[in-house]
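Top to bottom, those sequences are chains A and B. Take the first sequence: its letters are residues 16 to 208, numbered as in the numbering used here. Take the second sequence: its letters are residues 21 to 722, numbered as in the numbering used here.
I should point out that these hints are in silico values taken from the structure, not numbers from a laboratory. Beta carbons are placed, not taken as given, at the ideal position from N, Cα and C, and that holds for glycine. It is possible that some hints are incorrect.
The list that follows gives simulated cross-link-like pairs (lysine-lysine, PhoX-like), each with its CA atoms no further than 25 Å apart [unchecked claim]:
#, chain 1, residue 1, chain 2, residue 2
1, B, Lys-419, A, Lys-153
2, B, Lys-419, A, Lys-145
3, A, Lys-153, A, Lys-173
4, A, Lys-170, A, Lys-153
Now the in silico label distances, taken between C-beta atoms and shown as ranges [stated by the list, open to error]:
#, chain 1, residue 1, chain 2, residue 2, range
5, B, Lys-265, A, Glu-127, 54 to 60 Å
6, A, Ser-65, B, Arg-588, 32 to 38 Å
7, B, Glu-56, A, Gln-149, 26 to 32 Å
8, B, Ser-455, A, Thr-148, 24 to 30 Å
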Amino acid sequence: MFDPADNIDRARVSSETSSSGVPGELFIREFTQSQRRLYLYILPLVGNSSDADEILQETNLVIWAKWRQFELGSNFLAWGRAIARLEVFRHRRNRNRKMTLLDGNVLEQVAEQSELVNEHLDVRQAALAKCLTQLRVKDRELIELRYAPGANGDKVAKTLGRPANSVYQSLGRIRRVLMECVRMQLAEEGRLT
Amino acid sequence: MSGPRDEVIRLTNLQLEGTLDESAILQLNELLRDNEEFVSLYVELIAIHGHLMWGAAAPRDATVSAPAVAMELTVERRPFKARSRRTVIVAAAVLSLVCACLILSRDSSVSDAVVEDTTDVSPASGNAARNIVVAELRSQPPETHPELKPLVLDSLKSKHRVRNVPPDDVATNTAVSASSFDFSDAVVVAEIDRMVSDTWRQHNLQPSPTASDTEWIRRACLNIVGRIPTVEESTTFLGSRSPRKKTQFIDELVQSTERSSQLAVIWANMLVGRTERRGVNRDALFEFLFDEFQQNAPWIDTVGELISASGRNDTNGATNFLLAHLNNEATPATAVTARLFLGEQLSCVQCHDHPFSKDSGQSEYWALNAFFKDTDRVTVPVAMKNPLVRASLRDAAWKLVDRRRTERMTFFENLSGQQNAVLPTYDGHIVPEDSTVRRREELARLLTTDSETKVAKAMVNRMWAHFFGYGFTTPIDDMGPHSVVSHPELLTYLTRVFVASGYDLQRLMKWIASSHAWQLSSEVYVEGTVDRPEHGEIPLFSRVYVRRMTPEQVYESIRVAVRSAGQRPVTAAEVSSNHRRQWVRQFARSYDTDENDEAVDFDGTIAQAMVMMNGREVDDAIRHTSRVIAESRDSDVTSPPKALDRVAMAMLTREPTVGEQRAFRRRYRQLTQGPRADGAMPTAVGDMMWAYLNSSEFVLVH
Chain A
16 MFDPADNIDR ARVSSETSSS GVPGELFIRE FTQSQRRLYL YILPLVGNSS
66 DADEILQETN LVIWAKWRQF ELGSNFLAWG RAIARLEVFR HRRNRNRKMT
116 LLDGNVLEQV AEQSELVNEH LDVRQAALAK CLTQLRVKDR ELIELRYAPG
166 ANGDKVAKTL GRPANSVYQS LGRIRRVLME CVRMQLAEEG RLT
Chain B
21 MSGPRDEVIR LTNLQLEGTL DESAILQLNE LLRDNEEFVS LYVELIAIHG
71 HLMWGAAAPR DATVSAPAVA MELTVERRPF KARSRRTVIV AAAVLSLVCA
121 CLILSRDSSV SDAVVEDTTD VSPASGNAAR NIVVAELRSQ PPETHPELKP
171 LVLDSLKSKH RVRNVPPDDV ATNTAVSASS FDFSDAVVVA EIDRMVSDTW
221 RQHNLQPSPT ASDTEWIRRA CLNIVGRIPT VEESTTFLGS RSPRKKTQFI
271 DELVQSTERS SQLAVIWANM LVGRTERRGV NRDALFEFLF DEFQQNAPWI
321 DTVGELISAS GRNDTNGATN FLLAHLNNEA TPATAVTARL FLGEQLSCVQ
371 CHDHPFSKDS GQSEYWALNA FFKDTDRVTV PVAMKNPLVR ASLRDAAWKL
421 VDRRRTERMT FFENLSGQQN AVLPTYDGHI VPEDSTVRRR EELARLLTTD
471 SETKVAKAMV NRMWAHFFGY GFTTPIDDMG PHSVVSHPEL LTYLTRVFVA
521 SGYDLQRLMK WIASSHAWQL SSEVYVEGTV DRPEHGEIPL FSRVYVRRMT
571 PEQVYESIRV AVRSAGQRPV TAAEVSSNHR RQWVRQFARS YDTDENDEAV
621 DFDGTIAQAM VMMNGREVDD AIRHTSRVIA ESRDSDVTSP PKALDRVAMA
671 MLTREPTVGE QRAFRRRYRQ LTQGPRADGA MPTAVGDMMW AYLNSSEFVL
721 VH
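Start from the sequences and build out the full structure, keeping to the hints where you can.
Here it is as structure tokens:
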């Protein structure tokens, strides 16, 4: 049921794009603008960035292969998410011997929730930017280190000369603070459904 | 805050750092299944990570779109043969560009390289083309960039507020030690030993002999990590022949997260008390302290943060200290700051000059109080998840803020009814009336330049007392000029090296724990010894004084004893901290005094024994453990004498005495002749565990 081939039938088929050999400017704009959102949609489904990156790339390839089926003016993101979702399932099937993070039922619930969150991404991003400025200096510095290009918890621990465990704990605490802060901001603005 | 909610957050965070094991994955799935609230917690927490991974500050999507469009135009000019190939190429080109823009370091010629690679791809081998492209792209996501930005690191280092932090071991660097004064660990420990033994000689005192390894390891664990050792720790340590095994063990303990956690518990108790207080978020304060201790942050920085913190009490845990003490014109804040951080009891001089000490007067007290004049607290309206449910005050967040008062002077009345006025003053520095500095920040700064380094001195005294049971002054937080100091030279020396080390708490703990005096037994071996601080005499540290465990130490020790006897892993402290707090609160009562005092009814005997007897968790845990021991396949454990050995080691870190062996044998025999003979072993083991746990030996720190 989750074969990516199904997607061809499910996707909207456009009548006018076949005249041109490459996707138009609007499509490319939609595509580039969807990247962050799609990544953020996929991430909770797999739980780690390297898998999410990989699935995003696979998703992109499918999007480009099927660009004709996209009807300009319809919801590109919803279309992209549907493809991404199928790619997540394909990815799981391909590595069925290795343990996946979420089991089937839970994955469905998470996907549903991730879609909801995905709809308010801009507001969330703005809230997060604000919350970041409210962190203690030390905490913000740790976050900057951790999320610098190429960094990870272990490297940060090594750089700071702290045990990895304690760096993880601090990062976990700060992420939690940020999450609660974003929640608070959205609630204050009345954006949380 | 609910347990499972915390657990969802903890597990999700572990997953984000890639450290979630299989059983934890199952646990996470269990928690998320059919629980909408937890699923959204999980998703939102990961969303934070995702936003940050992608770069939270700049909306990168927008910057990407413009060059991508330009790229599209150049792509169009290329002659293509097959449609399927074309899509792959376009995808590759645009994707490379997206990545290129994201990383801002990628040459645009990449797209050509990809085009070369895929020219011969036919529709049938689409997968191969995909793999090539993916492989090319996979090497580029932001995560795989080679190194951390050195710039960021430098900026981080430069923000450390303590200057002249020396290298870890100066002794290894002869060039440095020749020019500056040497305070390598070995030198400091030798100095401590010299000064302590000098006083023994002066008092013609025979110190107690060295403690046995079993006495020592139990004491080391209790002092540094706040619990007794596990059976495994004890057997490894006792079996080791290494001459450096004590040093190694201390090193491990001092760097462990358990040590940070025990220090955070101790300081949270001192800073805001054990009883619940409105507007105080103990969890957030604990987390702040834990982080500070775990990072081994310079103590002067931690003190500075506590004094100058502002903002919400849930997002900035450090605010909770002052939030707890701002009542009554911040007089508790003044008294507690002086007592905990400066080692001075000022609450009496609030109303009158000190009867014995001319230096600490009423005006000094109010001059310290004046630093908190602008400090205020406000409630933060709780974000309504459900507008129909009114949030209770307990859930409300509080905010610590500074509001500049128009009146800059602080007024007080002396005993003869005269009105006096002072400005904030510390160590001779007066904050002028028209100054616009935040007064609390100024206090934090003045503490770092204090000519008497009182913060360091108070901490050295407190830490010494933590290890020995008595400090250099009695009480430890009354170090004013009137107080008698048992070892003035040693106190001054340790204060000096502690400051020189950059207020390094790990090293301070290591120095004290490595000193010769701390290796001594707690027992008094010599008749008529003069070293009796419990009789009000000056402590001479010719032995380590016996103390009762704190309620937290008892709790953690019971847990460790029961679990390690049953060969079960000692679970992480965070799981049980909530339960421990409830357990401990049974003993604590708070008073509404000027210092927001509280009393802890914990005598280590009757009250405690009652609670332990009624503790169902303890009962269940013991029943489980005794069954595990009795039914173990390991014959080393199941024979009655071996089982007793294990229980004694787990509970009291020693072998059972002859009397205990006899009692155990008698009980076992009695049970085998009774009606439930097959359950004799677990019952006898369980009984022995109860007896050990409720012995006075268990609740004492030797």
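Earlier hints that do not hold, by number: none
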